[in-house]
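So you can see what is in the structure, the chains are spelled out below.
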Amino acid sequence: MDWSSNSYSLTTVAIVVGSIILALLGAFFGLLYRGIDRKLAAHMQGRIGPPIIQPFRDIRKLLAKESIIPDGGLSWLFQACPFICLVVSILLLTYIPVFGQRALLEGYGDLVLILYLLIIPSLALVVGGFASSSPFATVGAQREMVIMMSYEFPLAVAIIAIAWRISHVTDINPFIFSTVAQYPIWNQVGPVGVIGSLALLFTLLVVTPGEVAKVPFDIAEAETEIAGGLLVEYSGRNLALFYLADTIRAFVMVSLVVALFFPYNLSPVIGIGATAPAVIVDSLFFLLKVFLVMFISVILIRTAMARFKISQASYIYIIAMTLIGLVGLILIHVDMIV
Amino acid sequence: MKNEEMETTYTIPVGPIHPALKEPIRLDLKVDGERIVDVDVVVGQVHRGIEWLGMNRNNPIQNIYLAERVCGICNISHPFAYVMAVEHAAGISPPERAEYIRAITAEMERIHSHLLWAGVAAHEIGFESVFYLVWRVREKIMDLIEYVTGNRVTKAMFQIGGVRRDITEEQFPRIRKTLDYYKSIFDQLKTVFLDDRTIRMRAKNVGVLKREDALKLLAVGPTARASGVAKDVRQDQAYSAYADLDIKAVTPDILTGSIVGDVYDRIIVRLLEIKQSMEIIERCLEEMPPGAILAEPKMAKVLNTLKKAEGEGVGRHEAPRGEVIHYVRLEAGRETLATWKIRAPTYVNLMSIPTILKGGQIADVPIAFASIDPCISCTNRAMVVDRKTNEKSIMTYEELHQLCVEKTRRLSNGLVK
Amino acid sequence: MSLNTIKRALWAYHINTGSCNGCDIEILAVLTPRYDVERFGIRLVGSPRHADVLLVTGPVARQMAPRLKRVYEQTPDPKVVIVVGSCGLEGGVFYESYNLVGPVDQIIPVDVYVPGCPPRPEAIIEAVAKAWVKLEQAEKQGVT
Amino acid sequence: MEIVKILLKQLLQTPATNKFPAKYAPKSTIKFLDRIKKGELKLTPPIAVPPRFRGKISYNREKCTGCQLCLKVCPTKAIEFIPEEKKVKIFVARCCFCAQCVDICPVDALAMTDEFMLSSYDKYADELVVTK
Ligand code: SF4
Ligand code: SF4
Ligand code: SF4
Ligand code: SF4
Ligand code: SF4
Ligand code: SF4
Ligand code: SF4
Ligand code: SF4
Numbered sequence: 001m002d003w004s005s006n007s008y009s010l011t012t013v014a015i016v017v018g019s020i021i022l023a024l025l026g027a028f029f030g031l032l033y034r035g036i037d038r039k040l041a042a043h044m045q046g047r048i049g050p051p052i053i054q055p056f057r058d059i060r061k062l063l064a065k066e067s068i069i070p071d072g073g074l075s076w077l078f079q080a081c082p083f084i085c086l087v088v089s090i091l092l093l094t095y096i097p098v099f100g101q102r103a104l105l106e107g108y109g110d111l112v113l114i115l116y117l118l119i120i121p122s123l124a125l126v127v128g129g130f131a132s133s134s135p136f137a138t139v140g141a142q143r144e145m146v147i148m149m150s151y152e153f154p155l156a157v158a159i160i161a162i163a164w165r166i167s168h169v170t171d172i173n174p175f176i177f178s179t180v181a182q183y184p185i186w187n188q189v190g191p192v193g194v195i196g197s198l199a200l201l202f203t204l205l206v207v208t209p210g211e212v213a214k215v216p217f218d219i220a221e222a223e224t225e226i227a228g229g230l231l232v233e234y235s236g237r238n239l240a241l242f243y244l245a246d247t248i249r250a251f252v253m254v255s256l257v258v259a260l261f262f263p264y265n266l267s268p269v270i271g272i273g274a275t276a277p278a279v280i281v282d283s284l285f286f287l288l289k290v291f292l293v294m295f296i297s298v299i300l301i302r303t304a305m306a307r308f309k310i311s312q313a314s315y316i317y318i319i320a321m322t323l324i325g326l327v328g329l330i331l332i333h334v335d336m337i338v
Numbered sequence: 001m002k003n004e005e006m007e008t009t010y011t012i013p014v015g016p017i018h019p020a021l022k023e024p025i026r027l028d029l030k031v032d033g034e035r036i037v038d039v040d041v042v043v044g045q046v047h048r049g050i051e052w053l054g055m056n057r058n059n060p061i062q063n064i065y066l067a068e069r070v071c072g073i074c075n076i077s078h079p080f081a082y083v084m085a086v087e088h089a090a091g092i093s094p095p096e097r098a099e100y101i102r103a104i105t106a107e108m109e110r111i112h113s114h115l116l117w118a119g120v121a122a123h124e125i126g127f128e129s130v131f132y133l134v135w136r137v138r139e140k141i142m143d144l145i146e147y148v149t150g151n152r153v154t155k156a157m158f159q160i161g162g163v164r165r166d167i168t169e170e171q172f173p174r175i176r177k178t179l180d181y182y183k184s185i186f187d188q189l190k191t192v193f194l195d196d197r198t199i200r201m202r203a204k205n206v207g208v209l210k211r212e213d214a215l216k217l218l219a220v221g222p223t224a225r226a227s228g229v230a231k232d233v234r235q236d237q238a239y240s241a242y243a244d245l246d247i248k249a250v251t252p253d254i255l256t257g258s259i260v261g262d263v264y265d266r267i268i269v270r271l272l273e274i275k276q277s278m279e280i281i282e283r284c285l286e287e288m289p290p291g292a293i294l295a296e297p298k299m300a301k302v303l304n305t306l307k308k309a310e311g312e313g314v315g316r317h318e319a320p321r322g323e324v325i326h327y328v329r330l331e332a333g334r335e336t337l338a339t340w341k342i343r344a345p346t347y348v349n350l351m352s353i354p355t356i357l358k359g360g361q362i363a364d365v366p367i368a369f370a371s372i373d374p375c376i377s378c379t380n381r382a383m384v385v386d387r388k389t390n391e392k393s394i395m396t397y398e399e400l401h402q403l404c405v406e407k408t409r410r411l412s413n414g415l416v417k
Numbered sequence: 001m002s003l004n005t006i007k008r009a010l011w012a013y014h015i016n017t018g019s020c021n022g023c024d025i026e027i028l029a030v031l032t033p034r035y036d037v038e039r040f041g042i043r044l045v046g047s048p049r050h051a052d053v054l055l056v057t058g059p060v061a062r063q064m065a066p067r068l069k070r071v072y073e074q075t076p077d078p079k080v081v082i083v084v085g086s087c088g089l090e091g092g093v094f095y096e097s098y099n100l101v102g103p104v105d106q107i108i109p110v111d112v113y114v115p116g117c118p119p120r121p122e123a124i125i126e127a128v129a130k131a132w133v134k135l136e137q138a139e140k141q142g143v144t
Numbered sequence: 001m002e003i004v005k006i007l008l009k010q011l012l013q014t015p016a017t018n019k020f021p022a023k024y025a026p027k028s029t030i031k032f033l034d035r036i037k038k039g040e041l042k043l044t045p046p047i048a049v050p051p052r053f054r055g056k057i058s059y060n061r062e063k064c065t066g067c068q069l070c071l072k073v074c075p076t077k078a079i080e081f082i083p084e085e086k087k088v089k090i091f092v093a094r095c096c097f098c099a100q101c102v103d104i105c106p107v108d109a110l111a112m113t114d115e116f117m118l119s120s121y122d123k124y125a126d127e128l129v130v131t132k
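If you read the protein sequences in the order shown, they are chains A, B, C and D. Residue numbers are given in my numbering: position 264 of the first sequence equals residue 264, and the series is strictly consecutive. Residue numbers are given in my numbering: position 311 of the second sequence equals residue 311, and the series is strictly consecutive. Residue numbers are given in my numbering: position 62 of the third sequence equals residue 62, and the series is strictly consecutive. Residue numbers are given in my numbering: position 104 of the fourth sequence equals residue 104, and the series is strictly consecutive.
FYI, nobody ran anything at the bench for these hints, they're computed from the structure. Cβ atoms here follow ideal geometry from the backbone N, Cα and C, with glycine treated the same way. Don't take every hint at face value.
What the hints assert, rightly or not - Examples of chain A residues toward chain B, derived with CB under 7 Å:
1. H43
2. Q45
3. G46
4. M305
Let the sequences and hints guide you as you build the complete structure.
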């Protein structure tokens, strides 16, 4: 809320500069984590795997390639979609606290807005898929839609459950990250509530691979079934934008999990007061938290599982995960009564 | 929303160049949303005129290597059936030792082929780690094949009247070592494939082929056995060294006590067959008699004999994918074969594909299709091309059938004459 | 943009024009842990639109020739074509069959040939290295 | 879950990859090859071929009597007879490495070598046409 006290133009400048820095950082760490992800997955599969900087090379390569626009597609829409996908992914980054700091646009949007924004990149993929007018992309787009609608519900349940619990201990808007950080869920609940919170955490960890379209939920892009799905017709720069957006989205999703469940910072604990060292320590600690969440919810799950069928995936989300989320919610509620 | 918006069916062509299929083939799927209403298999994308080459250009020895390249995966199976057919036609009998070596190489091929299949199947359902695991394990048998035959893939072991390379005493330890390796990891592979939750979800009750259907559609090989049809040429009409070994067809009830005929059962059958093949190789090593490996080592002489020979012969072999049959006819004074007809297992098994896929989901297509372990390259020998105009015509089933009947008649007339 | 950026992030699309599968399985083998070409940044992709390299196998059956051409055209520039296996080079055992219109270089331009029936996985890796050299030389001469 | 156990175990083990020709793609392949030629760098060798491997064919021109038996059995017509010299030449690009010609040659003029890395920019390059 500090921003509003400053003059309007200064705030704008700060936001623009901050967003650019965040976008660069997001792109950098998104790609870096993708590289780590690929390296670790390769080692788990008994092979050397690409160097960690490989995703950067991929992007550079894609940018150097010709971007073909398919005949018969809606060319402006076809080209707009990757752009929208990337911009919204970056926008999401500005609403989520990263590197142990407050979210850049904290005063301008809360968790509910994030729930909405999270839909847009998937939607851009879907529209891009339809705009390519390839049968593979069309099937891919339909699947992405089904998946999207399926995981949206448990995601909402998990987020609302946390906010609802926090609203009982404070009058501040519980949908704001700083409130979540101020009242970490684990500190508010007793043993039953911890179990409930674990259920919610589990829900979110399972939603993450769906949101970032990784095995077992990469159905919309399933290479062996529909030849790269949504993206079959994309090439060159447009593909690069989707690639980049995808890595940023993964970073965003994992940061969201971290922000909701592990909003702790290290600097107060080890007693570093000065600003600069604290920022560094907290940033590193944040990156470590992201890595751990990523390792479990993305790397381990994707290497240890086969792809689900669309019906199985939506069953898992709509029924199983929502149920687990609701159980978490009830447990937290029970915890309050006890 | 599903029912209202996706009521209309539309057709998705899968292939001919499609990552799910290692080879060119086209499936025309009629789908309603995600559900498959109808399936049409369109083959003929990789027709290379193999039989034509064998009847118009090659002498019988050159044909061994052509037969080998009907299919790069079962490249023991086709030469095996082919040389048996020629030997049958010309009255040559290979020495006993050669029969054992043939069986050993054929079983090594079965191990590599089933492992390859297991990896591809895992890949089809997006389980990359298992694909990598199985293909890493497979490299050991590839090394062994290279060690025994001189090449990883095309083995070039077979010769009319025997085999081209001996397996010597000094090679036994290395072969046994590889078999021991597979024994040591067999249980692990079994657990990975049969107990994994996601694999079970994707394989159980998917792509079911009932016993009646398997019988009606004449399925062969593991596809038939997984449906409970206990047929196996090595058991039913034992040939070569198999005659001494008493092979029993593997069906899934050995392990589970019941037969469903789904993808899962096909996994079980292939896993158990890997084990069976290891046992066969071990027994062959123990019981292999000494002696020559060729009935006639001078190839020029063999060519002469075959040129003079007159007659027809059939060779049948249980390939990793099922029964492969070669039919040849020799005419005296003719350097090439007078007739060569190959019946490959996948062509037969493709008939089951519509039954297996119908009612399933698009997502089941690759794994259900892969579960018959299709080897397309051997099924694509019958494309209709008008050589004068270069025009392709799509033929109806009736027309094809008519042609087929006519050909059969022509061939049988040629025989009677 | 330099060709060098493409070199270390080669995405390959595999097209079978009527091979016997011998070469195709060796191409798959190249991806497996023992050879693992992903360490060079090579990936097998499912759409020619994403590809930098076309791995072509087979002697080009008549029905596959137009498709081979189309895949070549669908692949965005710059691109490299590697033909794997003797039957793609010269027809191999299928030479002069009536249903062949190949070999591959009759249909599309080819950069690197890999003899072998099938070539060992390492021979395919060597061919990739040859493709690198070719890209580097082209860059030196200022070709894009 | 067996597979998780396997994966975590493999994470800690050395990968099964043979680092041929180098662990990663070199920045400049030309320089890399130069340095190997100069002996500054060592190439990780490919997995060794077994004895009696069927690699590129070799031909002993002196021994050859020009009997043409090899032409008769070659399934790929990779061997061409040169009538003026009564010798043959072999096109490796066509050869399917079956060694049938080696088997039939009455004077052992033909043999299979260990050489298998044969890729080339030109399928009729000198290395791929065996004349002596
Ligand atoms: S079925 Fe497939 S793998 Fe087997 S030989 Fe035929 S083409 Fe090859
Ligand atoms: S039967 Fe199948 S596996 Fe065997 S050679 Fe023919 S295509 Fe290949
Ligand atoms: S038409 Fe069929 S049977 Fe006749 S030569 Fe061709 S592939 Fe063989
Ligand atoms: S005539 Fe031909 S199509 Fe008809 S059953 Fe016989 S082989 Fe099959
Ligand atoms: S031609 Fe012979 S095999 Fe064919 S349908 Fe008639 S009777 Fe049967
Ligand atoms: S080169 Fe040989 S192994 Fe490769 S596809 Fe052709 S025939 Fe098969
Ligand atoms: S190895 Fe086989 S294909 Fe090659 S030249 Fe000799 S006979 Fe011909
Ligand atoms: S078979 Fe031997 S001697 Fe005769 S032509 Fe060939 S290489 Fe020469």
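Hint A/Q45 vs chain B: min CB-CB distance below 7 Å? holds, 4 Å
With a cut-off of 7 Å on the beta carbons, see whether A/M305 makes it to chain B. With Cβ-Cβ at 5 Å, under 7 Å, it holds.
Hint validity - A/H43 Cβ closer than 7 Å to any chain B Cβ: At 11 Å from the nearest chain B Cβ, A/H43 fails the 7 Å test, so the hint is violated.
Interface restraint verdict for A/G46 against chain B (beta-carbon cut-off 7 Å): Holds, about 6 Å.
Of the hints listed earlier, the one the structure fails to meet is number 1.
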